Each structure stands twice: as structure tokens, then as C-alpha cells.
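Trainee: Using the sequences and the hints given, assemble the complete structure.
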Amino acid sequence: MRLFVLTALLLSAPAAAQGNAPATVPVSASAATLRVTAAVGTTVEMQTTTQSRMTMGKVEVTAAPGRQVSAAKLQAMQQEFSRGMAGADVPAMTGKLFVKVAARAADGSVTLLTSMIQNIPGEKTPLTLRVTQQVAPDGSITGLSMDSDHPMMKPLLSGLTPEKLRQIASQSGADHTGIYGLPLVKGSVHTQTATLDLQEIMSAVLQGIAGQDPEVAAALGDLKSSFLKTTTTTTYSGLNAQGLHTFMVSGRAGGYRMSLGGQGGLPAMTMELKNLQTSGSSTYRPDGLPGLMTQQSTMQMVMTMQMDDVVVTMPMTMTQTLTARPR
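For the sequence shown, this note's numbering assigns the number 262 to the initial residue and increments by one for each residue that follows.
These are computed hints drawn from the structure, not numbers from a lab.
Remember, it's a predicted structure, so these values are computed and weren't measured experimentally.
No residue lacks a Cβ here, since even glycine has one placed at the ideal position from N, Cα and C.
Errors might be hidden in some of the hints.
Said to hold, decoys possible - Think about it this way: if two alpha-carbon atoms lie no more than 25 angstroms apart in a straight line, the pair counts; the simulated PhoX-like pairs of lysine-lysine are:
| hint | residue 1 | residue 2 |
| --- | --- | --- |
| 1 | Lys319 | Lys535 |
| 2 | Lys334 | Lys319 |
| 3 | Lys385 | Lys415 |
| 4 | Lys357 | Lys385 |
| 5 | Lys490 | Lys535 |
| 6 | Lys357 | Lys415 |
Stated by the list, open to error - The calculated label-pair distances, taken between Cβ atoms and stated as ranges, are:
| hint | residue 1 | residue 2 | range |
| --- | --- | --- | --- |
| 7 | Leu335 | Thr584 | 42 to 48 angstroms |
| 8 | Arg328 | Arg586 | 48 to 54 angstroms |
| 9 | Ala333 | Arg586 | 50 to 56 angstroms |
| 10 | Gly523 | Arg588 | 43 to 49 angstroms |
| 11 | Arg314 | Arg518 | 21 to 27 angstroms |
Mentor: In C-alpha cells:
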């Protein structure tokens, strides 16, 4: 179960890739856009908190194909799983996020260094991630690079393609695509769509979580992960009372399936992401660096396990609130 909770936390992070930007209001070609004008060396430190709650739907226990199981046994197992899988709060995840203006080129491009330190429930070592990327005056992102001191993340990052690195940056919240370059005209919209291949990412992350357990490691070797389809919409809402540029951000995702297990001591398991809805807001200072950010998400999933002669189906819903607050 712990593997699936952590997988759900990974999937609930925002994921985005560059897409088309339909305008809902007339936008002049000369309209001002959000740009980074902060001096080189300027750094913003943010405290991040993620609160999550898992609630369970009705657990179903049925006989596996070709197996005969008494109604009494099925009912007893259904009651047992229902008691054991009651809804619960997932331990809060806390961390820090630093955004630094590292350099500015003659053409106006700015190099941003985003550093993340994230505590993970049940893990002794916090997850660290450093993302470097160049933001051009038109808001396009180039020169993405990533590294980490974490023993799980370091080898993972070294073996991934630039596109896979982009996906991790998106999921960690460190990808600034869709914000910079957006016209500062109230009501202007940027819509991003993506189809993400999470096979390598999920396998590597869960292998790191499994550690040295040989049975779990063997099961993860057969992990199969489908594509994740995401859509993110960013709308400029104008200046708030504190004079910060405010963007409303909503997203949806679905059609994801991950399966593993079936050998050793680990039962065959499948997790399906039925629906993910997110909403929230992001604020940016006049100099282009981030301010308060909030996000709420609701994720509907179904986990299925085959244990000997029975199949257990457990629908679940995870609700999550993420806050990044400047210190």
C-alpha cells in the first residue's frame, strides 16, 4: 500500500508541457508580459507544505478467474479489507523551495536556478533537486539541466533524456513554462497539453523506495506504466491587493495505469488513475519572481490486487492541498 500512496503523491504533482495558447480576450501584440527583471543574485526562499488525505470507497472481493471461493470467505475478506483500508490522513510533507536569478545574458535571457528540498513520509533522507533553465524574453524555456545529491535521484537523472528531465521539472513545480511570456492582460489564457511517458521515472523512483528488499525489487522489474495525459490552463487575473501578478491555474489528467508484482511474495497489483482535477493560484512579484502559491487537487483511483484465489478491488480518493509560502 505504501508504494501506491507514494505513487499517488507523485502523480498529483502538476505536470505540463508547452502547448497552444488560445486567447479569451483580445490581446495586443505589444501587450506587456511577465518577465524576470530581478537583479542577478536575487533569491526567493519558500516554505512548502503538502497535506493529503486518502478515503476509501466500497471494497469488493471476488473469486479470481477459474477459482471457486465460498460466499462466506468472500464476505469475511471484504470486511477485513474494509476495516484495514479505512480513510486516513497521509503524513504532511514539508520542504523548501529556492528560486535564484543566477545570470542574465546580453539578449535579455535569464538563468533561473530552482532548488527543492522535500521531506517524504517514511524516508530518512529528504529528496533534493536542482533545476537550471534559461528564460528568454518571450517566455520560452531552454537549457534545462537537473542534478541531485539524493542517492536515488542522482543515478536516475544521469540516465534520462532531456524530454524526461522536462517531465520531472514539470512534476516538481520547477518548470516555468506557461507563466513567463503570458500577456499581462486580465483574462488572457494559456493552455498546455501533454502526454507523458512515466515508465522510467516511476520504475526508478519506486526501485529507490523499495531499497534492498529482493522480492519488491523483483516485482518492480516487471512494472508497466502507461502514458499520462494532462491539460493545464493558466489565466491571468490581474494584480492582487499586495500588487502581485495573480494567475489562476487549473488542470486535469486521466487515463493512467500502472501494474506490478505477481512474483515472489508480492501479489499482482494494478493502479488506475480515473480522474485528477487541480485548481489553485500562483502569484509573482513585479520583478518576476514567485510569491504565494496554492493548489488543491482531487484524485480518483482504483487499486486491484490478486491474492491467491481472490481479487480485491479498492476504489480510493486522495485530496491534497499544497502551499508554497515565501519566508
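Trainee: Can you confirm whether the C-alpha distance between lysine 334 and lysine 319 stays at or below 25 angstroms?
Mentor: Roughly 17 angstroms between the alpha carbons, so the hint for lysine 334 and lysine 319 holds.
Trainee: Taking the Cβ atom of alanine 333 and the Cβ atom of arginine 586, is their distance within the range 50 to 56 angstroms?
Mentor: With Cβ atoms ~54 angstroms apart, the hint holds.
Trainee: Quickly compare the C-alpha distance for lysine 490 and lysine 535 to 25 angstroms and report which way the hint goes.
Mentor: With Cα atoms ~11 angstroms apart, lysine 490 and lysine 535 stay inside 25 angstroms; holds.
Trainee: Taking only the CA atoms, is the gap from lysine 319 to lysine 535 under or equal to 25 angstroms?
Mentor: OK: lysine 319 and lysine 535 at ~16 angstroms, within 25 angstroms.
Trainee: Could you grab the alpha-carbon distance between lysine 357 and lysine 385 and see if it respects the 25 angstroms cut-off?
Mentor: holds (16 angstroms)
Trainee: Is it true that the CA of lysine 357 sits at most 25 angstroms from the CA of lysine 415?
Mentor: Status holds; Cα separation ~19 angstroms.
Trainee: Is the hinted range of 21 to 27 angstroms satisfied by the C-beta distance from arginine 314 to arginine 518?
Mentor: Given range 21 to 27 angstroms: holds, Cβ gap about 23 angstroms.
Trainee: CA of lysine 385 to CA of lysine 415, is that 25 angstroms or under?
Mentor: holds (16 angstroms)
Trainee: Should the hint that leucine 335 and threonine 584 are 42 to 48 angstroms apart at their CB atoms be regarded as holding?
Mentor: holds (43 angstroms)
Trainee: A range of 48 to 54 angstroms was offered for this pair. Does it hold for the Cβ distance of arginine 328 and arginine 586?
Mentor: At 53 angstroms between Cβs, range holds.
Trainee: Just to be sure I understand the hint, the distance between the Cβ atoms of glycine 523 and arginine 588 should be within 43 to 49 angstroms; is that true here?
Mentor: holds (47 angstroms)
Checked against the numbered hints listed earlier, the structure breaks none of them; every hint is satisfied.
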